[in-house]
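J.: Protein chains in written order, with our numbering: chain E, 1 to 132; chain G, 1 to 118; chain W, 1 to 102.
Think of the hints as simulated: they come from the structure by calculation, not from any bench. As the structure is a prediction and not an experimental result, all values here were calculated from the model. Just so it is clear, CB atoms sit at the ideal spot from N, CA and C, and this is done for glycine as well.
One side only, chain W facing chain E, incomplete, derived with CB under 8 Å: (1) I2; (2) I37; (3) Q38; (4) Y85; (5) P86; (6) F88; (7) V89; (8) T92; (9) V93; (10) T98; (11) T100.
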Amino acid sequence: MSESLTIAVLVTGPAYGSQDALSAYHYVKSAVALGHTIQRVFFYNDGVLNGSTLTSPAADEFDLYNAWLVLAREHLFPLDICSGAALRRGIIDQNEADRIGKSQFNLELPFQLTGLGQLAASIVTADRVIQF
Amino acid sequence: MLRAAFVTRQVPHGTSLARETQDAILATSALTEALSVFFIGDGVYQLVSQQKPQAIACRDFAPTFAMFELYDIENIYVCADSLLERGISDVDLVIDVERLTQPEINQRIRQHAIILNF
Amino acid sequence: MIGDKIMLHIIKSSPFSRNTFIDSIAYFNDGDAVIFIQDAVVITASQHKYAKILQDLMPELSVYSLTEDLNARGLSCILGQQVSYPEFVNLTVAHLQTQTWN
Numbered sequence: 001m002s003e004s005l006t007i008a009v010l011v012t013g014p015a016y017g018s019q020d021a022l023s024a025y026h027y028v029k030s031a032v033a034l035g036h037t038i039q040r041v042f043f044y045n046d047g048v049l050n051g052s053t054l055t056s057p058a059a060d061e062f063d064l065y066n067a068w069l070v071l072a073r074e075h076l077f078p079l080d081i082c083s084g085a086a087l088r089r090g091i092i093d094q095n096e097a098d099r100i101g102k103s104q105f106n107l108e109l110p111f112q113l114t115g116l117g118q119l120a121a122s123i124v125t126a127d128r129v130i131q132f
Numbered sequence: 001m002l003r004a005a006f007v008t009r010q011v012p013h014g015t016s017l018a019r020e021t022q023d024a025i026l027a028t029s030a031l032t033e034a035l036s037v038f039f040i041g042d043g044v045y046q047l048v049s050q051q052k053p054q055a056i057a058c059r060d061f062a063p064t065f066a067m068f069e070l071y072d073i074e075n076i077y078v079c080a081d082s083l084l085e086r087g088i089s090d091v092d093l094v095i096d097v098e099r100l101t102q103p104e105i106n107q108r109i110r111q112h113a114i115i116l117n118f
Numbered sequence: 001m002i003g004d005k006i007m008l009h010i011i012k013s014s015p016f017s018r019n020t021f022i023d024s025i026a027y028f029n030d031g032d033a034v035i036f037i038q039d040a041v042v043i044t045a046s047q048h049k050y051a052k053i054l055q056d057l058m059p060e061l062s063v064y065s066l067t068e069d070l071n072a073r074g075l076s077c078i079l080g081q082q083v084s085y086p087e088f089v090n091l092t093v094a095h096l097q098t099q100t101w102n
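Model the full structure from these sequences, guided by the hints.
T.: Have a look at this one:
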């Protein structure tokens, strides 16, 4: 494949409990290896649960949270978490925790809270939006 | 070719997917008018009027479909075959929406570059 | 190569527990492709009523199943072609439109 595309990936499944996020991860990993550009991975619906830094798989199990982090840092694509969907599911960063008076937070970079505008931006500009 | 098709296939309230799809549609409408919304399968239940989800502590988001016009979302279609299959062809819907047969819906969906199916 | 084919459908769930595959069939056009991933790989893995339905569509439909998901379930496909993740990516590139049936 000589030409490369700009691909956005939409994830609506959680880090554990359904295969969607794992499928998305393997898809993204293969896409970057083939030279395509991942514009962003946008986490929506239960997909926002991928952003919890408290996710603690058993020691002999695949650590999807860490895998996203490594892949995103290596290939410089954003891990965008929809803030509306996230706050409703208890996924919250330090800024939001301070703003609404929560004593804890569980979302850290490179995962970041963003709005649906980022998904919309991918919908209007990406060559493909692949949904898992 | 139009830009984005949102295909929505869920009964409201049992999961949040229908409501969150509506949010995604509204957000996308800020960036493009070349988008269409298709209510197919169980998604047709989202348009039924007189929903009272407050008693089950869910958000009554059906009235927000009436806002679509203000957001310049004009291509809104409901699958007549899905309404018929579910025995709700003659119930009142919350908005005036174009009824198409399933093959017509399929044809229209294919006029979009990006298709999101929830 | 890029975008020279029209639509790729992505199917994820078993037809024995969810209606998604049956519901999606009405949206398959001649010349489309479909890839079965996750639990949906059971569709192409043995002879059953849904495999029969798929088989009847296959002259006009390109059928793929994700190798990793088949292997994970101890299955192999008897209908269509097995593809790995990089080939899955290539399919999403080769097709102008994709539609995931949740």
